[in-house]
Structure formats: C-alpha cells, structure tokens
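Here the sequence shown is numbered in the working numbering, starting from 44 and rising by one per residue.
The reader is advised that the hints may include incorrect statements.
[As the list claims (entries may be wrong)] Computed beta-carbon distance windows for the label pairs: (1) D637 - M736: 25 to 31 Å; (2) D118 - N191: 26 to 32 Å; (3) A339 - T710: 30 to 36 Å; (4) K124 - Q240: 22 to 28 Å; (5) Y769 - E743: 54 to 60 Å; (6) E251 - S341: 25 to 31 Å; (7) S192 - L257: 30 to 36 Å; (8) M550 - E730: 39 to 45 Å; (9) L176 - A228: 45 to 51 Å.
None of these hints come from the bench; they were simulated from the model. All residues carry an ideal CB built from backbone N, CA and C; glycine is no exception.
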Amino acid sequence: MSETTNTSEEKKKPTVNGRRALPSNNSNEEENEVPEMEAFGLIPRGFNPKDYLRVVDVHMFKEPHEINKQQHHTDKYYSPKLIVRRGQSFQIQIDFNRPYKSETDQFWLEYLIGRYPQQNKGTYIPILVGDVLKPGKWGAKITHKENNSVRLSIMSSATCIVGKFRLYVAVWTPFGILRTQRNSATDTYILFNPWCQHDAVYLDDEKEREEYVLNDVGIVFHGNINDIKLRSWSYGQFEENILDACLFLMDKAELELSGRGNPIKICRVASAVINSRDDNGVIAGSWDNMYTYGVAPSAWTGSVDILLEYYSSKQPVRYGQCWVFAGVFNTFLRCLGIPARLITNYSSAHDNNANLQLDFFLDNEGKVDTKLTKDSVWNYHCWNEAWMTRPDLPVGFGGWQVVDGTPQETSDGMYRCGPASVQAIKHGHVCFQFDAPFVYAEVNSDIVYQRREKNGTRVIEQIDTNHIGQLIVTKEVGGDGMMEITEEYKFQEGSEEERLALETAVMYGVKKQTTQDTMYRPQTDVEMDFQVQKAVLGSDFKVTITFRNKSRNYYTATTYLSGNIVFYTGVTKNEFKKQSFSAKLEPSSSSAFDVMIKSSEYLSDLLDQASFHFFVTARINETGKILATQKATVLEIPALRIKTQGETVAGKEMSVIVEFTNPLKQTLENVTLRLEGPGVLRTMRKEFRQIPMNSTLIWEVKCIPKRPGLRKLIASLNCDALRHVYGELNVQIQKP
C-alpha cells in the first residue's frame with residue numbers, strides 16, 4: 044500500500060497513537076463486524092456448516108412479567124430488550140437444529156460491547172458452559188434440556204461494564220467457529236445492582252432501594268431558609284429511550300468503556316456532561332432572567348423532555364438552573380442503577396477560590412460591589428448524592444458521595460464536581476478526591492465583607508461564620524416530607540469536633556485565609572496599631588491610633604477610621620462612625636492620635652449585641668503604601684452585682700441582694716430579673732416596669748440554703764434595650 048492511500052485510510056480511522064495497538068473504545072453505540080464463520084485454516088471442499096450443531100433461535104425472557112425483569116427489578120423500564128443487573132443470574136434459552144449432546148457438541152456465549160472488543164478490557168466476554176455458577180463471576184450453566192432446546196442460567200460479574208452488550212452464540216467445529224448472526228433483539232443491557240452484595244453500589248435497606256433506585260418521582264426543596272418551598276419533579280428513569288439517552292451521555296463524555304463498571308468514574312464524567320460548559324453537555328445554564336430561544340428553568344416539570352431532546356438533537360437544551368441539573372443527574376444515576384437522591388443546601392456558598400471565605404466587596408456606601416465580588420451565597424443550591432463504596436479511599440469513606448452537575452467551578456480543567464465523600468467532608472478529610480474542598484466550602488464558609496477604599500484598601504467590615512450551610516435537606520424515604528441531613532455534613536456549630544474538622548481541612552490544604560492576611564499590606568518602616576479603651580455600655584470612649592515611624596524619613600499619613608456595629612445575625616451592619624485626619628509622622632519616633640466615640644453615636648443603633656468592628660486604614664502619602672488593621676471589640680455590658688447578708692449556713696434563712704445601675708441615657712422599660720442558685724434557692728423572677736437612667740435597682744430575696752458546700756448564685760437581666768446582662772457569685776454554705 045502506498046503512502047498516500049495509507050494516510051487517507053488513517054483519516055477515516057480513529058487516530059492510533061504509539062502507545063496503543065487499538066484506538067480508544069469509548070462508544071457504546073459503535074460496533075465491530077463479527078464473522079459468522081471463523082475458519083481455522085483451509086476449509087476442505089466437502090465442509091457443510093449445516094452438518095454441525097446450529098442455533099435456530101435464542102429466547103431472552105425479556106417481557107416485564109417474565110422471570111428476568113421481575114427478579115432484577117427492571118420490569119418498569121419501557122424497553123423491549125432484556126435489562127438485567129450485574130452480579131445476579133438471569134435465564135436464556137437456545138433452540139438448536141437438533142438435540143444438544145454435551146459429549147461431542149461444544150458451544151459458548153460471547154458478549155461484546157463497543158467497536159474494539161478486547162477480553163482484558165472486559166469488552167469481549169466469552170462464557171463457557173460449566174457445572175456451577177460462582178457468585179459475582181461470569182459463568183453459565185445448563186439448568187434444563189428439552190428436545191432441541193437448552194435453558195441456561197448466566198451469571199454476570201458484579202464489577203462488569205454497565206451498558207448495552209451484543210450477544211453471539213458460537214459453536215465449535217473441527218474446521219472453524221460458527222456464530223449466530225448479529226441480532227439486536229438479543230441485545231442485553233447490564234446495569235448496576237444495589238441488591239447485590241458484591242456490587243460497589245450495594246445498598247442494604249429495601250425501603251431505601253425502592254426510594255433511591257426505583258422511585259421515578261421526587262421532591263425539590265427550594266425557596267430560602269425562612270420560607271422553604273417544595274415542588275415535585277418527575278425523574279422518569281424508566282421511560283422509553285431514557286436508558287439509551289443515559290448511555291449516550293457516557294459516549295458523549297468519551298468515557299472509555301472499560302471504565303464504565305466503576306460508579307466513581309461514571310459520576311465524575313456525568314457531572315461534567317450534565318452541563319453544557321466546555322463539552323456541549325445536556326443543559327445550558329442561565330441565571331439572568333433572559334430565556335430567549337429556550338425554556339425558562341422554572342417551566343420544566345421533569346427530566347424526560349430534556350434528556351430526549353438532547354439525545355435527538357445532540358445540542359445543549361436551554362435552560363437550566365441548579366435543581367434542573369440535579370433533577371436530570373438524579374434520573375441518570377437511578378436509571379443506571381446507582382442509588383441517588385437530590386439534596387438542597389440552604390444558604391450555600393459559592394466560593395470561587397475554595398479558601399473557606401466568601402469575599403463580599405462593598406463600595407463606599409456599603410453596597411456590594413458586583414464587579415469585584417466573585418463569590419456568592421445561593422439562597423439554596425441543589426446537588427446530588429450517589430451511594431457507592433470508595434475502594435480508592437481509606438476505609439470509612441464509602442456511602443453517600445456528593446456529585447454536582449451545576450457548572451460553578453472547574454475541576455481538573457472541566458466544569459464538574461465530585462464524587463466527594465460526605466463522611467470525608469464532615470470530618471475535614473478534604474485531601475480525598477474529588478473536589479471535597481469545594482463542597483466543604485459550600486457548607487462551611489465564612490462570609491467576609493470587605494470594603495475597598497478609594498485608595499484601594501480593602502477594609503473588612505464584618506465576618507459571618509454561621510450563615511452558610513444552615514440547613515441541608517432531602518426528601519424522606521417513602522413519603523413527601525422533608526428529611527434534614529445537616530449533621531451528615533457537619534458537626535454542631537461551635538463544637539470541639541467542628542473545630543477539629545476545620546483544622547483537619549486546613550491541614551489538608553483547604554486555604555483558610557486569616558483576616559489578618561487580608562488586612563496587612565506592609566510598609567515595613569512604619570507600624571500602625573490602635574487600642575480601644577475598655578468602656579462600659581452607655582459611656583463615651585476613645586480609640587487611640589498609634590504610629591511608629593522607624594525610618595529616618597518624615598511621613599504624612601492620611602488616616603481613616605470606620606466604626607461598624609455588627610449584629611449577632613451577622614448580616615445587618617451599620618457604619619456609625621467615620622473619621623479622617625492627617626497624621627504627621629516624625630522620623631524615628633512614635634505618635635498617638637485619639638478619636639472620641641460618643642455614646643450618642645452608637646446607642647440608638649446598638650439594639651441587641653454590643654459588638655463593634657473598627658477598621659483603621661492609613662495611606663503613607665510619600666510612598667502610596669497602605670497600612671490597614673482591624674479589631675472587633677465588645678463593650679462591657681454592666682454586670683449585675685450580687686451579695687449576701689447574714690450567715691450562710693445550711694438550714695438557716697439568709698438574704699441575697701441583687702443590684703443594677705442603668706448605664707444608658709434612657710429609661711429601661713419592662714425589665715425582667717431572674718435569680719437562681721442550685722441547692723440555695725429555686726429560680727425566682729421579678730419584673731420592674733421602669734429603671735430611670737443612672738438609677739440603681741435593688742432586689743432582696745430571702746432563702747434557706749439546703750446543702751452545705753460551695754454554691755453558685757446566678758442572676759440575669761433582660762429588656763428590649765439591653766440584653767446579655769448577667770451576674771454571679773460563689774457562696775460557701777457552712778455546715779450547721
């Protein structure tokens with residue numbers, strides 16, 4: 044063959060590189076031609092294939108009411124072909140042209156998938172007829188012989204490729220192998236088997252299998268944390284052509300056939316192909332309220348229309364948002380037999396650089412600067428969990444795995460996410476593949492509000508650690524109610540375990556920026572700091588800003604102080620103090636500047652929690668360098684004073700006196716006091732209608748302590764204008 048014809052041949056064939064004898068086999072659709080007569084050598088003139096055992100017909104028992112689909116839980120699939128689950132035996136019957144004689148006749152079965160079947164890749168599977176079936180291993184045995192027919196029980200491997208196989212029956216003759224013709228009626232779909240203990244997706248609870256594999260409708264929870272809404276979604280995994288459409292998705296993703304027995308690989312490629320970013324996948328996302336030339340995401344009622352449109356047009360279907368991606372992904376997983384459920388995470392972080400910090404940049408008026416802000420909080424975000432073992436990870440990280448088809452961030456260069464072990468996310472073991480840091484951030488990030496000054500400084504106004512991942516839910520098994528699964532993902536907020544999980548995540552490379560990093564842009568020869576005077580709520584206090592100029596240069600610093608009230612909800616904030624001044628910094632010396640904060644500036648806004656954030660930024664005019672620092676500070680809320688009068692002896696009457704002086708420049712109204720002391724007195728409660736400003740309240744309680752020993756008295760005061768007022772006193776009760 045000349046060079047030129049060779050190259051034109053090459054163009055038609057898929058490229059073969061120097062490392063492979065065969066092109067990659069990544070399409071379930073494509074087929075190779077299989078010879079009906081495979082001669083061993085020269086065929087003698089008198090050879091007549093009809094003299095040998097010949098296959099007349101093959102019965103697949105593929106009707107929904109017949110044994111195979113009933114036993115394999117595939118009777119709901121709207122498909123005329125045989126559909127079985129791997130690692131579990133199924134029956135076929137072969138009719139020959141004469142009775143089968145086991146002593147002299149020899150036949151076997153061949154299952155093929157794709158265009159380049161190879162035995163070592165699991166894409167060519169010859170099955171010899173034996174006497175016993177080994178669980179979870181390919182094999183066949185004759186269960187019944189009658190006239191010209193044999194009944195076979197066939198066992199598939201519990202790890203075999205999932206897809207559509209072609210079946211041939213081969214008969215041995217002295218001169219060559221005779222095969223049945225290509226017959227698509229005998230095609231066999233093999234799916235994952237959650238009922239089989241040897242399968243990677245084995246799920247041991249029948250009610251859960253019915254929900255997570257066989258239920259073809261579900262509920263999507265949406266809305267927001269304070270107003271949870273729900274809608275039904277039709278998964279339709281058993282509808283006509285849906286199984287073929289799902290297999291097509293793996294062809295589209297070019298997943299090597301030999302990898303299609305592995306649920307980890309399937310989930311990984313599917314999470315990329317569900318969205319249209321970078322691979323012309325199933326659904327084009329749109330979040331801009333402009334749905335021209337497409338269907339608005341909220342209009343879809345289920346997955347079937349989307350999958351069938353994609354299967355026929357091969358073009359992305361417009362448009363989807365997170366619940367649409369998750370709904371279609373759920374259909375894909377359940378259709379192939381991987382247990383799956385749709386999850387909603389309320390207040391979900393989209394952290395575009397996985398640093399466990401959502402950076403919100405505010406402009407000078409305190410509004411979010413949309414150009415600078417790349418991170419976002421979603422009112423809710425839907426993803427999926429798929430159930431499987433993780434032999435690629437240490438023991439204990441199998442079970443539910445997060446997979447997400449919504450295009451948020453790239454992973455290994457493509458828009459995809461998962462599978463990430465939920466257990467690993469909970470414990471902070473985010474070193475384990477795939478994309479655990481991103482999911483960890485989705486449920487654990489802190490919100491950091493930063494403001495960028497005209498001079499370019501980013502000033503942090505407020506950090507919120509509890510807002511993200513407040514509630515994670517899915518549909519309950521066997522009903523339409525909501526099941527909370529937040530604690531599958533995270534420990535109790537503020538617990539020791541939660542801190543340990545965070546430290547583990549940081550150790551394993553989750554970038555956790557400390558706020559100090561953000562604030563610090565060093566000009567090394569000038570140091571700036573500030574101190575907030577300890578102050579009681581209701582009094583004026585000062586903030587002292589100190590500069591230490593270590594250089595021999597004379598500098599001037601344009602200094603800006605911003606005082607912000609941070610509410611405990613973490614979201615509302617208010618800048619109550621802004622002050623700028625110019626500071627002259629003499630060479631090799633320190634200087635201090637005071638800014639007074641008057642109670643009238645903060646009291647009206649203080650409401651509930653007396654915590655402030657102060658940000659001080661200074662621009663060294665001569666160098667243009669920025670110094671920035673921030674501190675959170677808490678005003679001292681005046682305490683209740685508790686004292687006792689008389690002897691403190693068990694069994695004798697004593698007095699407890701509670702005092703409180705109103706520090707605010709306003710009258711406190713409807714004040715409630717509580718006092719208790721285990722072993723000393725039962726909880727007592729007293730209401731005061733008013734406490735005028737600067738006046739002191741005195742409450743005396745008589746009691747008889749029961750038990751001797753060291754006891755504690757605890758008191759609290761509460762009213763609309765003032766909360767978190769406490770007092771306590773240790774009392775040694777003597778023995779009588």
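Problem set entry | D118 versus N191 beta-carbon gap, inside 26 to 32 Å or not | Roughly 30 Å apart at Cβ, these two residues keep to the hinted range, so it holds.
For this session: Take a look at whether the Cβ-Cβ distance between A339 and T710 falls inside 30 to 36 Å.
Result: violated (55 Å)
Exercise. If you check the beta carbons of D637 and M736, does the distance land in 25 to 31 Å?
Worked result: holds (26 Å)
Problem set entry | Distance restraint hint 30 to 36 Å, applied to the beta-carbon atoms of S192 and L257 | holds (33 Å)
Exercise. Does 25 to 31 Å hold as the CB distance between E251 and S341, or does it fail?
Worked result: holds (30 Å)
Exercise. Is the hinted range of 54 to 60 Å satisfied by the C-beta distance from Y769 to E743?
Worked result: violated (19 Å)
Exercise. Does 45 to 51 Å hold as the CB distance between L176 and A228, or does it fail?
Worked result: Since L176 and A228 have Cβ atoms about 25 Å apart, the given range 45 to 51 Å is violated.
Exercise. Should the hint that M550 and E730 are 39 to 45 Å apart at their CB atoms be regarded as holding?
Worked result: violated (52 Å)
Problem set entry | Whether the CB-CB distance between K124 and Q240 falls inside 22 to 28 Å | Distance hint for K124, Q240 holds at roughly 27 Å.
Violated hints, in rising order: 3, 5, 8 and 9; the structure is consistent with all others.
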